[in-house]
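Start from the sequences, fold in the hints, and give me the full structure.
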Amino acid sequence: MCARCLELSRRSLLIGGGAAAAALAAGTAQARVKPSDMVPLVGPGYKPTERDEIGIWQLMERAEEEISGSNLLIQDPKLTGYLKDLIGTVGGPAAKDFRIYLARIPEFNAMMFPSGFAVVFSGLLLRMRNEAQLAGVVAHEAGHFLRRHQIRSWRDQKRKSDIFSFGAMLAGIGGAGIGAYLGDYVQLAQLGTLMSLFKYSRTMEAEADAMGVKLLAETGYEPMEMARVWYQLIGEEEASARYRRKRRDRGYDIFATHPSSETRMADLKLSAAEVRVPGRRYTTGRDRYLSTIGGFRQTMLDDQVKLNDPGASEYLIRTLAQDGWNGLLRFYEGEVWRLRNQPGDDVRAAQSYSAAVLYPDVPADAWRWHGITLLKEGRTGEAKAAFGRYLTMKPDAPDAAWVRQMIG
Amino acid sequence: MRNRGMVLAAAAGLTLAGCVQSRQYADVQFTPPQGNYKLLVLRPDVTVGSLTTGGMVEPRADWTNQARKSITDAIRAQQATRGGTITVIERRNELPGVTADELAEIERLNAAVDQSIVIHKYLGDYLPTKRGRGLDWTLGADAVRLGQKTGYDYALFLHAEDEVASGGRVALGILGFAGCFIGFCAPNVGGATQLNYASLVDLKTGEVVWFNVVQAGSQIPGIKFGDLRTPGGAQQMVERLLGRMKPGQAVRRQQGAR
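Here the protein sequences line up with chains A and B, keeping their order.
Here the first sequence is numbered in our numbering, starting from 1 and rising by one per residue.
Here the second sequence is numbered in our numbering, starting from 1 and rising by one per residue.
Don't take every hint at face value.
As the list claims (entries may be wrong) - Pair by pair, the computed Cβ-Cβ distance ranges are:
1. I89/B to Q342/A: 39 to 47 Å
2. A100/B to A241/A: 39 to 47 Å
3. A401/A to Q255/B: 41 to 49 Å
4. S260/A to P96/B: 52 to 60 Å
5. L339/A to A112/B: 29 to 37 Å
6. P44/A to A100/B: 26 to 34 Å
7. A241/A to D73/B: 53 to 61 Å
8. L123/B to G220/A: 50 to 58 Å
9. K78/A to R131/B: 51 to 59 Å
10. A100/B to G220/A: 37 to 45 Å
Don't read these hints as lab results, they were simulated from the structure.
By construction, the Cβ of each residue, glycine as well, lies at the ideal position given by its N, Cα and C atoms.
Below, the structure written as structure tokens:
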């Protein structure tokens with residue numbers, strides 16, 4: 001039956017392969033996963049019973065031991081307790097089994113490990129505007145565990161790589177037997193296998209989003225906030241790229257492990273509308289969120305502005321300021337300009353510092369930089385006053401002796 | 001004719017296919033511990049998995065547990081012949097007077113130092129400043145403190161990972177070998193591999209005094225070279241890894257002069 005295929009030239013085969021790949025790619029514009037279809041596959045106190053999953057859990061035991069003892073973790077009991085309560089609320093049937101760790105890494109990320117422990121990066125806490133947004137990300141991660149994604153993807157990879165290896169070997173031997181070169185078919189099969197693995201991974205992510213938004217609404221959080229997280233992330237990435245005079249890298253969907261941010265945002269909006277029950281009140285929990293993470297925001301902003309990504313930092317500060325400007329945000333707005341250090345940035349930074357010191361919650365360092373900029377402008381008297389405020393707020397600052405000597 | 005050549009090539013490949021390599025380094029002043037010494041073995045880091053047909057590694061909890069036990073037993077038996085007293089710690093909180101966190105710090109420090117040794121001694125990024133100086137790495141004051149607190153003379157860190165070729169992987173290799181007879185020869189799809197390394201730290205000075213790597217692998221699935229799960233395989237590995245501990249350069253030169 002395949003005799004005719006062998007008459008095809010390599011070129012026509014490759015063209016055909018390209019067309020097949022394109023067709024597959026078009027097919028990957030996958031349908032949205034409906035939240036109502038997402039039923040948790042594990043109950044409380046889940047323990048693996050099958051051989052491969054037991055092996056993975058044992059490996060994860062050591063991984064968790066290392067991660068839970070890492071010095072990158074933020075151990076503040078207020079923050080860790082808050083996260084634990086949060087996953088305990090939106091974690092569905094496994095809520096009480098989850099462990100959650102907070103790592104001081106200034107990036108937007110969170111991950112769930114196969115044995116049910118999650119790691120959240122501090123960069124995520126900085127970007128979330130309210131508790132519902134954070135709960136949405138946490139619920140998405142919980143969704144991976146509840147839908148048994150890790151073991152399902154592992155088995156999918158194992159099955160597909162097994163089939164491919166045998167198929168490729170048989171194609172080689174079969175080709176040799178009939179005296180034909182089947183390498184192009186093997187390459188095509190390899191591409192197909194790879195794309196199918198990526199597609200599986202994207203489906204899992206879509207499932208986790210649907211499961212997450214469902215859990216969010218069930219526990220009384222505003223489900224629409226999850227879509228807003230993606231809106232904010234797209235905006236940040238665009239601002240970052242624009243500053244570098246680049247276009248935002250959207251990658252190629254067919255080779256991505258996650259659906260694009262745009263797709264996720266659009267699907268989450270539709271799903272949020274689906275899971276909302278008319279008449280029920282949904283909260284964003286903004287006040288509780290800000291009062292819990294407030295004390296830690298300075299550290300997170302400090303880490304962010306030092307990433308040398310002024311486009312993203314500025315966007316982020318402006319986004320957070322939509323809930324109201326304050327001394328902290330104004331100070332770090334100034335820091336973005338000062339560290340960027342392009343013509344005119346000194347004036348912009350000076351303006352931010354002088355605005356920052358008008359707020360009651362201003363950090364001490366704002367007075368220090370306000371003093372330095374005043375000094376540069378020749379306003380010595382005002383500068384001394386500013387340095388005085390700095391020393392009052394931070395008497396044992398590392399540069400206190402030098403500043404005292406400056407004031408004279 | 002062409003086919004016969006292929007088969008011959010495959011047969012030649014088979015003899016080269018399973019190989020065990022080992023290379024050790026020691027501090028120039030190092031003398032292998034003998035007689036009355038106290039050795040602390042910090043929970044051997046052992047993982048055993050199954051190599052799937054497609055080449056993935058499936059971690060196996062039961063095999064790992066078997067191997068951990070066999071290796072621990074083998075280390076005890078091997079060290080007993082040297083005359084030392086030995087304690088093997090299975091969990092971080094088992095060492096009296098030392099908290100789990102302190103031990104974790106030492107383990108992580110050692111992992112970082114081991115990595116540096118591997119990069120600069122094994123992977124080719126040789127450091128000109130360390131030429132002719134044998135093994136010149138240290139865990140510093142933390143290791144000395146551990147020695148003072150616990151009274152041990154040496155600490156041994158051991159890492160072993162073993163990938164056992166699954167039935168499917170072996171079948172794939174056999175299929176590839178069968179292909180040799182009709183002109184498509186691919187028996188060497190890659191079979192079991194083993195990576196073991198150990199470092200010995202002198203807890204009086206904090207220095208890493210000896211380091212050894214044993215690597216074993218076969219291109220052809222189905223060829224075995226010691227199975228860490230079995231007492232025999234573990235003994236063989238421990239013997240390869242720890243059995244032929246050589247003294248440092250300066251010590252050997254002295255012995256040669258005498």
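Taking each numbered hint in turn, which are not upheld by the structure, reported in ascending numerical order? Numbers 1, 3, in rising order.
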